[in-house]
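Starting from the given sequences, assemble the full structure and let the hints guide the process.
Chains as they are written, first to last, in numbering that gives the first Met the number 0: chain F, 0 to 252; chain G, 0 to 335.
Bear in mind the hints are in silico, worked out from the structure with no lab data behind them.
There could be a bad hint or two in this list.
Reference excerpt, derived from the structure (chain F facing chain G, CB under 10 Å, subset only) [what the hints assert, rightly or not]: (1) T8; (2) G9; (3) H19; (4) E83; (5) T89.
Reference listing, derived: stretches of chain F covered by chain G, where coverage requires no fewer than 3 residues with Cβ under 8 Å from a Cβ of chain G [what the hints assert, rightly or not]: (6) 10-17; (7) 97-104.
Now the in silico label distances, taken between C-beta atoms and shown as ranges [as the list claims (entries may be wrong)]: (8) F:G88 / G:N298: 38 to 48 Å; (9) G:R154 / F:L51: 48 to 58 Å; (10) F:V236 / G:N194: 51 to 61 Å; (11) F:W123 / G:G92: 55 to 65 Å; (12) G:R85 / F:G88: 18 to 28 Å; (13) F:V170 / G:E159: 16 to 26 Å; (14) G:A137 / F:G237: 35 to 45 Å; (15) G:E159 / F:W123: 29 to 39 Å; (16) F:R15 / G:Q156: 17 to 27 Å; (17) G:G117 / F:V236: 24 to 34 Å; (18) F:G88 / G:S205: 18 to 28 Å.
Beta carbons: idealized from backbone N, C-alpha and C, even for Gly.
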Amino acid sequence: MSGFARRFTGMRAVLRREFHGYFASPLGYIFIVIFLIASGYLMVSRDFGRFLELREANLDALFSYLPWIFVVLVPAVAMRLWAEERRSGTVELLLTLPITLEGSYLGKFLAGWAFLAVSVFLTWPAVFQVARLGDPDWGAIFASYVATLLAAGVLLAIGLLFSALSKNQVVAFILAVAASVGFLLIGVPQTQEFVGKWFGGYVERVVSSLSLLDHFETLTRGLLQLNSLLFFVLFTVGWLVCGMLVLGQTKTN
Amino acid sequence: MTETDHPDSVSPTVAAETGAAPPEAAAPGEVLISVADLTKHYGAIRAVDGISFEVRRGDVLGFLGPNGAGKTTAMKMITGFLEPDRGSIEVAGIDVAADRLAVSRRIGYLPEDAPAYGEMTVEAFLRFIAEARELEAADEAIDRVLETAHLRSVRGQTIETLSKGYKRRVGLAQALIHDPDVLILDEPTDGLDPNQKAVVQDLISSLSANRCIVLSTHILDEAERVCNRAVILSEGRILVDSTPDALVAQAPGHNAVRFRVTEGDAAEVAAILSAADWCAGARVLPGGEVEAEPRDGQNRLNDVLAAVGEHRVADVRVREGRLDELFRDVTRGVAA
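The following block contains the structure:
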């Protein structure tokens, strides 16, 4: 086994256990139901997506609100992953098996991500409807799903870090929601305007390039731009690496 | 209790029950754990302070010590969960700091309070452990440890619904699934009722063939029942490294003779005994009985009866030394 693969020893076993774990308790099903009701409501509501009023054969009404749903629901998926291990002491069992810290961390991340992917793909009836009613841009729909999964990934990596930081699931949840909201608020026009006014155009451009919402919108328009894809990949990897460092410190407390 | 100097002499049925390797595969006496100058600080507190010891195949080593003596910290370092500040640990010849993964494949570990994923069934939990350990014949291994730990009847139950005794056995089953050479058990019977304790102790005894076991406990009877080596730790240092039998012999009051005087004056008898040169002292106990303690820890029953002479005595018995008295002496810093 190469040195790099060895670093992630045990990932598969952790991934499988955690993924099945979502469906072994009501939590997973409750999550999926809430996610589908919330995304469906925001899509057709007259105050938000106005899908029925717009009469357009695209799914912007669905996708543009998903990051805001994720801000609350993704931390709920992530909060249990490390906080519960540390509270119950199983982290000691886990990390004395032939499983590396990196392997277990990535395994948990991928399990949560796979669970989120299942939830996201359960929005297929919406795709089915636009296909029946009109002639949608399939490229944009595909790109939108890619963008949604990438956004879910980066928010999950944030949630996982806070789960590694606090033994208390509720604290982990609240901190993760706060951090995720902050991460999203960088992208709203009001923030950018404020930054531009106080720190000048250069800082405004830097801040705007860090905006999850901007990159998300670029992708959902059907433009699979490299810098937007890199934005999500680099931030996800960055949060994961930070989380692993945090867990290395907190695992024994 | 007898010492297990020759692990090969253990009956083959025990080896078969535990699924241990056949006796001829074992090299008795081979050093499986070697710890040198192990030290760990938590901030300003020295949890483990330069301890060194070796554990050989066939040894059942009991870590004894008051709470906070450093037993758990030492075990966490042997399993690689904690990194030592100083010192080295080798398990089966492999340096823990250099290759934790290889060491973890040789060790079965039961952490304190036997943590397990409560929402999983016993069988699913063991399957996860088998998968994490990449066992080839997972089904056979799971079957074997369900049998060894007497868990067949609860294999389909979720772990959180089990009693403490069962949970502890799930923890043991998990530690045994890969049939390891080295077992590290942190307080395996803590918090169990007397019946559950006996079951777990018998289980541990049956596992000692062909392995080395390190267990921590603050129950001294347990060390006497299960271990053939006892290490007393206090404030992170090893105070005593001996056998439980030798410890009992060193304990204060070992082989003291106790009796009731039925005709004559108890105080007079005590005075006669105190004058004898083999006697460290004799006194009348609050209940009216006389106790005579030998200077050399040997059984002096005949000397006592000879010295008593004309006086009539009854209920004569020879006391065994009590480990907890020795333990209190030693850990208080008084020489044993």
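Taking the hints in turn, this is what the structure says about them:
no. : hint                        : verdict
1   : T8                          : holds (6 Å)
2   : G9                          : holds (5 Å)
3   : H19                         : holds (8 Å)
4   : E83                         : holds (9 Å)
5   : T89                         : holds (4 Å)
6   : 10-17                       : holds (count 5)
7   : 97-104                      : holds (count 3)
8   : F:G88 / G:N298: 38 to 48 Å  : holds (47 Å)
9   : G:R154 / F:L51: 48 to 58 Å  : holds (53 Å)
10  : F:V236 / G:N194: 51 to 61 Å : holds (53 Å)
11  : F:W123 / G:G92: 55 to 65 Å  : holds (56 Å)
12  : G:R85 / F:G88: 18 to 28 Å   : holds (26 Å)
13  : F:V170 / G:E159: 16 to 26 Å : holds (23 Å)
14  : G:A137 / F:G237: 35 to 45 Å : holds (37 Å)
15  : G:E159 / F:W123: 29 to 39 Å : holds (36 Å)
16  : F:R15 / G:Q156: 17 to 27 Å  : holds (21 Å)
17  : G:G117 / F:V236: 24 to 34 Å : holds (32 Å)
18  : F:G88 / G:S205: 18 to 28 Å  : holds (26 Å)
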